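J.: One letter stands for each residue in the lines below.
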Amino acid sequence: MTAVRRGLARTPVGLIIVIVFFVLGVIGPSIAPYDPLAIDLAHEYEPPSRAHPLGTGDNGIDILSALLYGARLAAIVGVVVVGISVLIGTVLGTWAGYFGRMTDHVITGVADLVQAFPAIVLNIAVLALVARPGLGHLIVALAVNGWVLYARLARAETLSLREREFVQAARALGVPTPQVLRRHVVPNLLGPLVIQATTGLGVVILAESTLSFLGLGPGKAVSWGALLDQGTAVLLRFPHVALFSGGAIALTVLGFNLTGDWLRDRLDPRTR
Amino acid sequence: MRYLAGRLVRALLTVIGLVTIVFLLVRLIPGDPVEAILGDQAGPEEKAELRRSLNLDRPIGQQYVSFVGEMLDGTMGTSFRRPDRSVWSLVKEVFPATLVLAIAAWLVAWLVAIPLGTLAAARVGRLPDKLASTVAVLGLAIPNIWLGPLLILAFGVKLRWLPLPGDDLAGPEALILPAITIGTALAAVLTRQTRAAMIEVLSLPYITAARARGVRRTTLLLRHALRNALLPVMTIGAAQLGALLSGTVVTEKIFERPGLGTLFLESFFARDIPVVQGCVLVIAVIYVAVNLLVDLTYGVIDPRVRLS
Chain U
1 MTAVRRGLAR TPVGLIIVIV FFVLGVIGPS IAPYDPLAID LAHEYEPPSR AHPLGTGDNG
61 IDILSALLYG ARLAAIVGVV VVGISVLIGT VLGTWAGYFG RMTDHVITGV ADLVQAFPAI
121 VLNIAVLALV ARPGLGHLIV ALAVNGWVLY ARLARAETLS LREREFVQAA RALGVPTPQV
181 LRRHVVPNLL GPLVIQATTG LGVVILAEST LSFLGLGPGK AVSWGALLDQ GTAVLLRFPH
241 VALFSGGAIA LTVLGFNLTG DWLRDRLDPR TR
Chain Z
1 MRYLAGRLVR ALLTVIGLVT IVFLLVRLIP GDPVEAILGD QAGPEEKAEL RRSLNLDRPI
61 GQQYVSFVGE MLDGTMGTSF RRPDRSVWSL VKEVFPATLV LAIAAWLVAW LVAIPLGTLA
121 AARVGRLPDK LASTVAVLGL AIPNIWLGPL LILAFGVKLR WLPLPGDDLA GPEALILPAI
181 TIGTALAAVL TRQTRAAMIE VLSLPYITAA RARGVRRTTL LLRHALRNAL LPVMTIGAAQ
241 LGALLSGTVV TEKIFERPGL GTLFLESFFA RDIPVVQGCV LVIAVIYVAV NLLVDLTYGV
301 IDPRVRLS
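Taken in order, these protein sequences are the chains called U and Z. Take 1 as the starting number for the first sequence in our numbering and just add one per residue. Take 1 as the starting number for the second sequence in our numbering and just add one per residue.
These are calculated hints, taken from the structure and not from any lab test. None of these values were measured; they are calculated from a predicted model. Beta carbons: idealized from backbone N, C-alpha and C, even for Gly. It is possible that some hints are incorrect.
So the derived label-pair ranges between C-beta atoms look like this [as the list claims (entries may be wrong)]:
no. : chain 1 : residue 1 : chain 2 : residue 2 : range
1   : U       : 132       : Z       : 55        : 22 to 28 Å
2   : U       : 23        : Z       : 231       : 45 to 51 Å
3   : U       : 23        : Z       : 92        : 39 to 45 Å
4   : Z       : 231       : U       : 84        : 35 to 41 Å
5   : U       : 132       : Z       : 82        : 54 to 60 Å
6   : Z       : 200       : U       : 37        : 52 to 58 Å
Construct all of the structure, not just a fragment, from the sequences and the given hints.
T.: Printed below as a string of C-alpha cells:
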C-alpha cells in the first residue's frame, strides 16, 4: 500500500491526466449514464443536479455523457492523426536527412511551404473541399500539416546520426542501406519522436476541438468542441455548458503538455 | 546586398509555391468541389455550368495560368456567392479590423512577457519565477476557444467592466478581451523565451564586469541585459504573427466581430471556394512577408547574420 502511494506521489500530474483521459476514451461510452444525443426538452440547460452531475445542455442532453463520448472521439482523432503524422514524418525526414541532395531539397521545401500556412487555416481550407466532412476527412485535414514537425525532427536527428561512428562503421562494413536505416538510424530517432508525439497529441486534440467548435467537426459524433460551441451560444444565461466542456479540453491539453515536458526531462539527457 | 537579394528571391519562391499549393488543393484532393458547392441534388447541367464558371473544365495547365493571372491582376478571382464582387475587394473591406485585433494581441503578449520574463530571470527559483512559469504553462494549455468565454463571463457578465459580444460599442474597450484571448498563448511562449535568454545573458562576463563596476541593478537588467536578450526573442515573437492571424478566426467568432476570420468561415459554409482560397493566400502571404521583414531587420541589427 505504501509502495503504491509512494509510486503515485512520484507519478506526475500530467501523466495521471493522460492515463485517465485514455481510460475514459476506451470505457467512457459504456459508463455514460445517458445516450449523449437523447433529447429531453423538459430539462434543457439545467445546472448540475443529482440526475445530471454536470447539468444538461442543448435539447436537454446530459453533459457528463456527452463529455465521456467526446473523450472517445478526441482519443481516436489524436491517436490516428499523430500515428499517421509520425509515420509519414519519420519516413520523409529520415529519407531527406540520410540521402540529402535533391530529395532533401524537395522534402524540406514542401515542409517549408506547408508551414507557411497557419495550421488551422490550412485544415479549414482542406475541409472546405468536401461536401459533408466526416471523421475520415477531419483526420486527413489534420494530417496534412501534422507530419511536418516530425519530418523536421527526424531529418535533423538523421543528419547528425549519419556522421556518428556506429553508422559510419556499419556503412564501411558494407551493411545495405535499408538495414543501416532500420537497425541503426530509426531506433535512435524514437526517443525524440516519442517526446514530440506526446505534446503533439495535445495539439491535435486541441485542433479537433477547435474545428468542431467552428462547426467543422464530423457530423453526428459528440465532440467537446461542438459542445463548447453550444455552450458559448448560451454563455450569458447558462455558463455551465461552456465551463465543463472547455474545462475538459483545457485539462486534457494541459495533461499532454506536462507529460511531454516530463518525458523530455527524463529521456533527453541534454536538458538535465 | 547578397543577403538581401537571396532572401527576397526565397520569399518570392515561397509565394509562388503558396499560390501553387492553393491551386492544387482544389484539384488534387479527393472529392469534387462542384459537388461540395451544389450538394448531391444538383443536376448534371447545373454541375457542368458551375464547372465551366470555375474553369474546372479546361486543361490543368490553362487553369493554372488563368489562376495565377487572377492572383496578379488584383482581383484574386470573383466571389461565387456574390458574383458582383472580386475576392480582393471583400478581403480588403474586412482586413483592417483583423489587423488591428492581431496587433493588439501582439502588444498584449509583449506587455506581459517582457516584464514577467525579466523578473523571473532576475529572481530564478523565487516567487516571480514560479509565477512566470505558472503563467507560461497555463497560458499554453488554456485553449483560446475556452479562454474567450471565460473572459466574457468574468469581465463582461460578473464584473461588467467590458462590453459583451454583440454590444454596439465599437470603441477600443471592445478590443481588450479578444486581444487577451489571442495573445495569451503567445505571451506564454515569449515569457519562457525572455526568461531563458535573460538567464543566459546575465551569466556573461560583461554583466559580471558591469556589476563589479557598481552599475545599479535596474540599469543592469534593462540597459545591459534586456537589450541583448531581446534579439532572439524578437525573432520568435515576430514569427508567431501567423499564429495570431489564425487565432482571429476563432476569436472573431466568439466575440462576434467582423474580419478576415469571419469572412473565411462564412465563405467556408457557403462553399465560396474562390474567397476561401483568397483568405488562405492572404493569410499565408502576410505570414511570409512578416518573416521576411523580421529576417531583414535582424540583418540590419546584427551584422553577423549578413555574413552567414
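J.: All hints are to be evaluated individually against the structure, with a verdict given for each.
T.: We went through each hint and held it up to the structure:
For the pair residue 132(U) and residue 55(Z), the beta carbons lie near 25 Å from each other, so the given range of 22 to 28 Å is met. Between residue 23(U) and residue 231(Z) the beta carbons are some 46 Å apart, a value that agrees with the proposed interval 45 to 51 Å. Between residue 23(U) and residue 92(Z), the C-beta spacing of about 51 Å breaks the proposed range 39 to 45 Å. Look at residue 231(Z) against residue 84(U): about 38 Å separates their beta carbons, and that is inside 35 to 41 Å.
The hinted range of 54 to 60 Å is not satisfied by residue 132(U) and residue 82(Z), whose Cβ atoms lie roughly 24 Å apart. The hinted range of 52 to 58 Å is satisfied by residue 200(Z) and residue 37(U), whose Cβ atoms lie roughly 54 Å apart.
Checked against the numbered hints given earlier, this structure breaks hints 3, 5; the rest are met.
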